[in-house]
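Asks: Residue-level listing of the chains:
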Amino acid sequence: MQTETIDIAAARQLPQVHLPRNDGMALDLDWVASVQANTSAIERRAATLPGRRSVKKDWQAAWLCKAISLIDLTTLAGDDTEGRVRRLCSKARKPVSRDILEKLGMTGLTVGAVCVYHDMVAPAVQALQGTHIPVAAVSTGFPAGLSPFPLRIAEIGESVRAGAREIDIVISRRLVLTGNWQGLYDEMREMRAACGDAHVKAILATGELGTLRNVARASLVCMMAGADFIKTSTGKEGVNATLPVTLTMIRAIRDYHDRTGIKVGYKPAGGISKAKDALVYLSMIKDELGDRWLQPDLFRFGASSLLGDIERQLEHHVTGSYSAAWRHALA
Amino acid sequence: MTVKEIFETMSYGPAPESSAEARAWIASHKGTFGHFIGGIWTKPGATFTTTNPATGEPIAQITQGTQKDIDAAVKAARRAQSAWARDSHARARVLYAIARILQKQSRLFAVLETLDNGKPIRESRDIDIPLAQRHFYYHAGMAHLMDSELPGRTALGVCGQIIPWNFPLLMLAWKIAPALAMGNTVVLKPAEYTPLTALLFADICADAGVPPGVVNIVTGDGAVGEMIVNAPVDKIAFTGSTAVGRRIREATAGSGKSLTLELGGKSPYIVFDDADLDSAVEGLVDAIWFNQGQVCCAGSRLLVQEGIADRFYRKLRTRMDGLRVGDPLDKCIDVGAIVDPVQLASITKLVTDNPEGDHYRAACALPTIGNFYPPTLITGLSPAATLMQEEIFGPVLVSTTFRTPAEAVEIANNTRYGLAATLWTENINLALDIAPKLVAGVVWVNATNLFDAAAGFGGTRESGFGREGGWEGLQSYTKPATTGKALKPPAPFPGQGAPADPLDRTAKLYIGGKQARPDGGYSRPVHGPRGALLGHASLANRKDIRNAVEAANAAKGWAKTTGHNRAQILYYIAENLSARAAEFAARIDALTGKGGKAEVDLSIRRLFTYAAWADKFDGQIHSVPIRGVTLAMKEPAGTIAALCPDDHPLLGLISVMAPAIAMGNRTVIIASDPFPLAATDFYQILDTSDMPDGVVNILTGSHAELGPTLASHLDIDALWSFSSTDLSAMIEAKSAGNLKRTWVNNARARDWTGPEGEGRAFLDAATEVKNIWIPYGE
Chain A
1 MQTETIDIAA ARQLPQVHLP RNDGMALDLD WVASVQANTS AIERRAATLP GRRSVKKDWQ
61 AAWLCKAISL IDLTTLAGDD TEGRVRRLCS KARKPVSRDI LEKLGMTGLT VGAVCVYHDM
121 VAPAVQALQG THIPVAAVST GFPAGLSPFP LRIAEIGESV RAGAREIDIV ISRRLVLTGN
181 WQGLYDEMRE MRAACGDAHV KAILATGELG TLRNVARASL VCMMAGADFI KTSTGKEGVN
241 ATLPVTLTMI RAIRDYHDRT GIKVGYKPAG GISKAKDALV YLSMIKDELG DRWLQPDLFR
301 FGASSLLGDI ERQLEHHVTG SYSAAWRHAL A
Chain B
1 MTVKEIFETM SYGPAPESSA EARAWIASHK GTFGHFIGGI WTKPGATFTT TNPATGEPIA
61 QITQGTQKDI DAAVKAARRA QSAWARDSHA RARVLYAIAR ILQKQSRLFA VLETLDNGKP
121 IRESRDIDIP LAQRHFYYHA GMAHLMDSEL PGRTALGVCG QIIPWNFPLL MLAWKIAPAL
181 AMGNTVVLKP AEYTPLTALL FADICADAGV PPGVVNIVTG DGAVGEMIVN APVDKIAFTG
241 STAVGRRIRE ATAGSGKSLT LELGGKSPYI VFDDADLDSA VEGLVDAIWF NQGQVCCAGS
301 RLLVQEGIAD RFYRKLRTRM DGLRVGDPLD KCIDVGAIVD PVQLASITKL VTDNPEGDHY
361 RAACALPTIG NFYPPTLITG LSPAATLMQE EIFGPVLVST TFRTPAEAVE IANNTRYGLA
421 ATLWTENINL ALDIAPKLVA GVVWVNATNL FDAAAGFGGT RESGFGREGG WEGLQSYTKP
481 ATTGKALKPP APFPGQGAPA DPLDRTAKLY IGGKQARPDG GYSRPVHGPR GALLGHASLA
541 NRKDIRNAVE AANAAKGWAK TTGHNRAQIL YYIAENLSAR AAEFAARIDA LTGKGGKAEV
601 DLSIRRLFTY AAWADKFDGQ IHSVPIRGVT LAMKEPAGTI AALCPDDHPL LGLISVMAPA
661 IAMGNRTVII ASDPFPLAAT DFYQILDTSD MPDGVVNILT GSHAELGPTL ASHLDIDALW
721 SFSSTDLSAM IEAKSAGNLK RTWVNNARAR DWTGPEGEGR AFLDAATEVK NIWIPYGE
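Top line first, the protein sequences correspond to chains A and B.
If you read the first sequence in this note's numbering, its first letter stands for residue 1, the second for the next number, and so on.
If you read the second sequence in this note's numbering, its first letter stands for residue 1, the second for the next number, and so on.
In case anyone wonders, no lab produced these hints; they're calculated from the structure.
Which residues of chain A face chain B? A few of them, derived with a C-beta cut under 10 Å, are:
id, residue
1, Q36
2, T48
3, D255
For each residue, glycine too, the CB sits at the ideal point set by N, CA and C.
The shape of chain A in the complex, shown without the other chains (with noise of 0.2 Å):
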């Protein structure tokens, strides 16, 4: 477990500067083969987690606010305007009324960052001027990253230049489908490359990858190959961020940790609406991975509605009483 301190807010929005980023190593096809994941006893960890962990009272607002300040609040719709993401912009620097914050002692608590669409950067980006929070697009073909591979390389160095500090790229599925280890590694070896000084956060579309044991063997070459971030789904995928895989990914992590010394980011997307998830995803971080795993520079949480959950429990927190929807601000 890491015991270096840091300057938490900084933290949130400057990570290169604090952990040497991940430039990668050689491919090693013998670890690659070597990964192993029992699907079996990975979901009984995972089913029984929840039972193992609780947090209660100050410590569930602490956590809750903590989930918030991982989150890159996210819109990815065909029918985003610039209107639509100024709001959501409004509601990352903002994201909990200003008196539940007070009554918490957490005034200034942000998102982590705020994740769009290419043509959305620039308008993300001016919205959140004068904040720290950073603007992520979803890049390379974002669903299916089926378009020409020279477009999807382009792309990244659009959304850069747009101002976009991370790059959420999605692999070619078929690369893990097939065993093409090395064609794997050498397209997400370009994609970094494309990315500069931005952060890449590699999308395995685990929904699509099959197994477990394919999730595995995806995110360590991932790893060799440079992500900064390993990203469960696009949220587009029938089967997006779950446990099991949660699990799985993280172990991989893990490992690649313990053989390079590197630590590389998570982030779980879809399908994590509710504060209570959020809490056994933190715990299973805390657990499997240690604290030092808690900031924004090696967690997010990928959603959109997640957020309006936590801010009706930190409401009861505060008040004792049950909270509603439309008590809190839109995003």
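Dock chain B against chain A, hints included.
Replies: Then chain B, alone, in the frame of chain A:
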């Protein structure tokens, strides 16, 4: 801490479960409990205190039972039994009602269990209590099905049940549910440390419609347990230590009481180099740090393949540091309190007295009060180390490494116990090869400590005998509806006449496929009914038994032959016997004076029976609530020694030999004491029937003399006695040495010519059920 500070440290805070309702229930009994006998609470007598192991705080006063209490409880149970046994469907309704009430009161039971025992509320809430409910639901169904599915079986009567402190309510459920389902009534004693959930259970019995006397709960220490063992009950079911189990075996010897023992273990946990190591590490949390390691089937002996050992230990130590030890009523605690200061002291002493190896104590904070012991890993031990052999019964994992699958099996089986085993590999070939080779009643593949009412649980060797749960568990609570007449021993015929055949014929012993002279160099004359000298039979002694058992154990390959193959050999034996039928008939007539032809004919039929069964006594796949299969495999018991019935010199031999070898056992058979010569002729048949050497060893001699050597032999797995010499008590008492399974006739006759002379009872006795849990999914 402020919210902001917690936000920055992301620590876990307190998450207490309230104990108010449990305390209110105790208060409703004024904090002092009597026994529950005949449906009513007795006035509390002399009491002792039960305490909360996490704090040392006294929680209730419990009555120490007396002989009078036990007498009253047994009498109440006896009075209620026949009415209770009458209506299966009515029993099903009551068992169902118990299950429902357990479910409705589940949190009260869970909190009370944790208060009394110290186990984390997470475990009592999510494991103990739901499994207890499941046992009652499952056995409600068994009660209902008894009439149609167990024809010819009947209740045993009154069952004395003594349960341990590690899973108080769950062990109660394992004992009471099948007993009640099969029409028995019970007198149950919960452990002295943890009586409360049993007493709460007594409280709900009336609500569930349990008739008075069907369930009796008496409390107290080991002395009360001893009173139950010696009481006029029909069965003793005990779960606890091997030492006490052994004493119970001795105490009940010859009493005719049915007995099941679920005892200690030192279960291996094998990690092969292709395993999912992270999942195997997490499995260990559920193996050895579950219930503070106070689990008879705890995976307490870690065997890791050498090439991955360092990496695995590193991962394991990191995981251990993340365990949270503390207040068991906290919902965020992994490891609770040790049940009692005495147990804590015994764990501490065993570990400090044995500093060998590399001791690693988890870097987790321990509470300052209460009985807590840190999760501990001891690596670098060899199989000879004390801690690799002795059951610690605490959160202490010991470990060594292995090189090959064969070596893993060898080390795993290098123990006096045989309860459970765990193995981790992603290779199905390896898993399904290793699981049957492990000496254990339960094997978990890529999982550990999975339990369910539908799967039998129980061990072999010094882990005891009998199964709890599943169809196989019902054996332990029923008996055949018929009982034999008293056995009249046939006496050998006297005589001093000249040999009928002038050529001297002294039958030798048959050991390891060869004729062997008796070690002692003695033989005795055998006369016919009219005094004619038929020949001489060797008098085997203890050394001949030693040699025969060694020969049997050397013939291990027999267990691996296919059922088809064994059937072929049995048919071949029948064929060869048929070819010499007239000669054998004449021999039997000469020995006993009657019925030779009929006996030979029946013997051939019996060989056909077991040739037929050899490849048909199938195991089962139990319906357990996981995605996976639980294979209930029937495995040979091992080396079976048998004292043949005296009255049928050939048929008696065939009747014990054929089922044993059909199921893959090796045998040491002591021929009919008065009429031994048909058996000695018979080995010529074996010699011509492709029977591998050592599978069948035949000795002749005095049952009274050879019986004790067999019973005390530590390398015999089961001993059957159908001798008309009354050896039952001696055999049961002396079998306590290695807790071999025994099957004795208690001086009752069996009709060897009829249906009770063959069939499932013999096949069951010749096999052990091993439950292999294989969760799957990719």
